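J.: Work out the full structure, taking the sequences as your base and the hints as a guide.
Chains A and B supply the protein sequences, listed in that same order.
One point on numbering: in this note's numbering, the residue at position 59 of the first sequence is 59, and numbering is uninterrupted.
One point on numbering: in this note's numbering, the residue at position 242 of the second sequence is 1242, and numbering is uninterrupted.
Just so you know, these hints were derived from the structure itself, not from any lab.
A couple of the hints might just be wrong.
The calculated lysine-lysine pairs, modelled on BS3-like cross-linking and capped at a C-alpha distance of 25 Å, are [to be verified]:
id	chain 1	residue 1	chain 2	residue 2
1	B	Lys1113	B	Lys1295
2	A	Lys98	A	Lys212
3	A	Lys233	B	Lys1181
4	A	Lys225	B	Lys1168
5	B	Lys1181	A	Lys71
In silico negatives: residues of chain B with every beta carbon more than 10 Å from chain A [claimed, not checked]:
id	residue
6	Asp1033
7	Gln1039
8	Asn1069
9	Leu1074
10	Arg1075
11	Pro1096
12	Leu1155
13	Ala1248
14	Ala1340
15	Arg1381
Computed from a predicted structure; not experimentally measured.
Glycine is no exception: its CB is placed at the ideal position from the N, C-alpha and C atoms.
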Amino acid sequence: MTDSTDNTNKQGPLGSSLSDSNCESSYKTSCKNTSTSDGSWMSTQALPETNAEPEAKTKRSKYINLSRMRKTFSVKPLALGVASVMLSACGAEREEAKIYTSIDDCKLDYPDALEKCEAAYKTAADEALRTSPRFNSEYDCEYEFGPNQCRNVNTSGGSFFMPFMAGYMVSSLLSPNRYYSQPLYTSSSYNSPFRSRWITADGHVFDGDIRKRNYRVSKDQLKPKPTVNRTMKRGGFGSSVRAKSSWGSSSRKGGWGG
Amino acid sequence: MFRMPCQPRPNWQQLASEFGFHFHTMYGQPYWDESAYYQFSLAQIENDIEAPTAELHQMCLAVVEEVVNSESLLRRFAIPEQHWDLAQSSWFNADPSLYSRLDLVYNGSGPAKLLENNADTPTSLYESGFWQWLWLEQNVDNGKLARHSDQFNSLQEKLVHRFREIAKHYNIQQLHMACCKDTDEDRGTVQYLQDCAAEAGLLADFVFIEDIGIADTGVFTDLNDNPITDCFKLYPWEFMLREEFGDALASAEVNWLEPAWKSVLSNKALLPMLWKMFEGHPNLLPSYFSDEADKAVASGKWIKKPLYSREGANVSILQDGKEDELSNGPYGEEGFIVQAFEPLPTFGDNYTLIGSWLVDDMPAGISVREDTSAITQDLSRYVPHIIL
Chain A
1 MTDSTDNTNK QGPLGSSLSD SNCESSYKTS CKNTSTSDGS WMSTQALPET
51 NAEPEAKTKR SKYINLSRMR KTFSVKPLAL GVASVMLSAC GAEREEAKIY
101 TSIDDCKLDY PDALEKCEAA YKTAADEALR TSPRFNSEYD CEYEFGPNQC
151 RNVNTSGGSF FMPFMAGYMV SSLLSPNRYY SQPLYTSSSY NSPFRSRWIT
201 ADGHVFDGDI RKRNYRVSKD QLKPKPTVNR TMKRGGFGSS VRAKSSWGSS
251 SRKGGWGG
Chain B
1001 MFRMPCQPRP NWQQLASEFG FHFHTMYGQP YWDESAYYQF SLAQIENDIE
1051 APTAELHQMC LAVVEEVVNS ESLLRRFAIP EQHWDLAQSS WFNADPSLYS
1101 RLDLVYNGSG PAKLLENNAD TPTSLYESGF WQWLWLEQNV DNGKLARHSD
1151 QFNSLQEKLV HRFREIAKHY NIQQLHMACC KDTDEDRGTV QYLQDCAAEA
1201 GLLADFVFIE DIGIADTGVF TDLNDNPITD CFKLYPWEFM LREEFGDALA
1251 SAEVNWLEPA WKSVLSNKAL LPMLWKMFEG HPNLLPSYFS DEADKAVASG
1301 KWIKKPLYSR EGANVSILQD GKEDELSNGP YGEEGFIVQA FEPLPTFGDN
1351 YTLIGSWLVD DMPAGISVRE DTSAITQDLS RYVPHIIL
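T.: Now the structure itself:
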């Protein structure tokens, strides 16, 4: 629906410059899934000289990329991977999205779709419980989000603190197929880089301050965020190694390969 | 099938360190040994090893089909009852497998005999798929081996291809890979699989088995608290099912490599089951559950092994009904099987064992290991091979 290559200087509904800054201020690689290298480049590489004689049929791997197998002096992957991720994220399709800070906000925009406004709010609230950042202490949470911005949550997995949902971002609300709704947070803390800005559960910071309510965002930004996991315990695998390794013989210790 | 002495490449140890092959010498003993190689004919490879390997694998899958459909067999295989569902559903869902290695007794003629199936956590993969491949390339290049020398070894090519298929099957771009701490060999094997996965476009994050965590949400996590949704583990199912986190396996919903149905294949109860279902097959050795073997073992020479064992531990030899312990160890509480003794062929002072690899259900190459004792222990040496 939008020009996927040039959307940085378009005028949005409020007439402001709408660079959504998807590629500038995301502090996590929240769009890393857009990296879709399928690795197929390898098969298109020319065979090395040692294999130049066309052999009818061999029983061995035809070509192995030795430089990729070398462990010392090998540089690259990470920087390269990140750069290509960013590029692909910037080129992604954009959608209109609007931020509401209450159900009534939404109802003003959609007087004929009151239930949908309520459902979108519920979706965002549920998502907040599942995906919002979690902290062990109120202090840590408030350091990031500001005083009185955090609540205590008790689950079977334990007790922790998460920021209140400050708003929710809705897109395609009237779409018969599927609307998007996700929780947004903001901070009043002077310590925080997203003070007075909108931020998603996985750390994407939108440009402009919290008065800005209309954005054009990439589809990736609207996808459900990953569940936040708090590890309760480690070391539940691997005990057999210790038990079985202690029987003592001339045999090798360690590995469990056969 | 010959054993040919040859000159080691003068720089091979430096090369090994450049390529990250850190376990060529283990516990003060040489493991990688290129002072010799084995030479096979193409007919030996194709008729005596490759074709039987494919067939044996299909027979093994037929056993899995039997076992997962029978409670009494699941019990016989010592699969803990609370995990039957895990093994069964992974089989009924056709969860994809990556690889396995059949250990064969073969002396150059006659049918190869299946000793066991390392279907869950086979190692010596890097040495086979990459390092002996490089050895051949270089020795052909420097004129030490005939230009048309070949090798039964398409492991790396097939592993990369298989990772692409698995990525597609589970619709993933990322997976975790895990092995235990303090073992260069296992870590090297997993690093190799990470390299193969990367070649297939998959992001492979490493985590040690001991570092895996469980989250409040019921998923397993790595050290960054990221969920483990798809995982290759170089760690035996029979351990995982019995350890503390075993209880969480069902709800954690991980797509494991190898899948849980491999707990049936990597189990030595497979051997008597194969004999029950395919008695007399030329590539099988007679084998029985030890509590059903009284009549059979009254005469002749048999090897008695625990259902679960590693490193050749807890093995006995039975000669005309008289038992002699060959190795002690911690295994055996789940029961034993007996298998007709089939001597490994000797080349000079060496007892030689063939490991025949499969990637999924396709034969993909061999590894040759030598030992100075008749029953291969874990201290055997790896010797490269060629086809000429």
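J.: If a hint holds in the structure, say so; if it doesn't, say that too.
T.: Verification of the supplied hints:
Note on Lys1113/B and Lys1295/B: the hinted pairing holds, with a Cα-Cα distance of about 22 Å set against a maximum of 25 Å. A hinted pair counts as satisfied when its Cα atoms are at most 25 Å apart, and Lys98/A with Lys212/A qualifies at roughly 9 Å. Only pairs whose Cα atoms come within 25 Å are accepted, and Lys233/A paired with Lys1181/B is accepted, the gap being roughly 18 Å. As the CA atoms of Lys225/A and Lys1168/B are separated by approximately 22 Å, the hinted pair is consistent with the 25 Å bound.
At roughly 20 Å between alpha-carbon atoms, Lys1181/B and Lys71/A fall within 25 Å of each other, so this suggested pair holds. The Cβ of Asp1033/B sits about 16 Å from the closest Cβ of chain A, beyond the 10 Å cut-off, so the non-interface label holds. Against the 10 Å criterion, Gln1039/B stays outside the reach of chain A, whose nearest CB is about 13 Å from its own CB. With a closest Cβ-Cβ approach of about 26 Å to chain A, Asn1069/B is found to remain outside the 10 Å limit, as its non-interface label requires.
Here Leu1074/B stays apart from chain A, with its beta-carbon at least about 20 Å from theirs, past the 10 Å limit. Non-interface call for Arg1075/B relative to chain A: holds, since the shortest CB-CB distance, roughly 21 Å, exceeds 10 Å. With a cut of 10 Å on Cβ distances, Pro1096/B stays outside the contact zone with chain A, its closest approach being about 17 Å. Its closest Cβ contact with chain A, about 7 Å, brings Leu1155/B to no more than 10 Å, contrary to its assignment away from the interface.
Against the 10 Å criterion, Ala1248/B falls within the reach of chain A, whose nearest CB is about 7 Å from its own CB. The claim that Ala1340/B lies off the interface holds: its Cβ sits roughly 21 Å from the closest Cβ of chain A, which is beyond the 10 Å cut-off. Once the 10 Å rule is applied to beta carbons, Arg1381/B is consistent with being away from chain A; the minimum gap is 13 Å.
Checked against the numbered hints given earlier, the structure breaks hints 12, 13 and satisfies all the rest.
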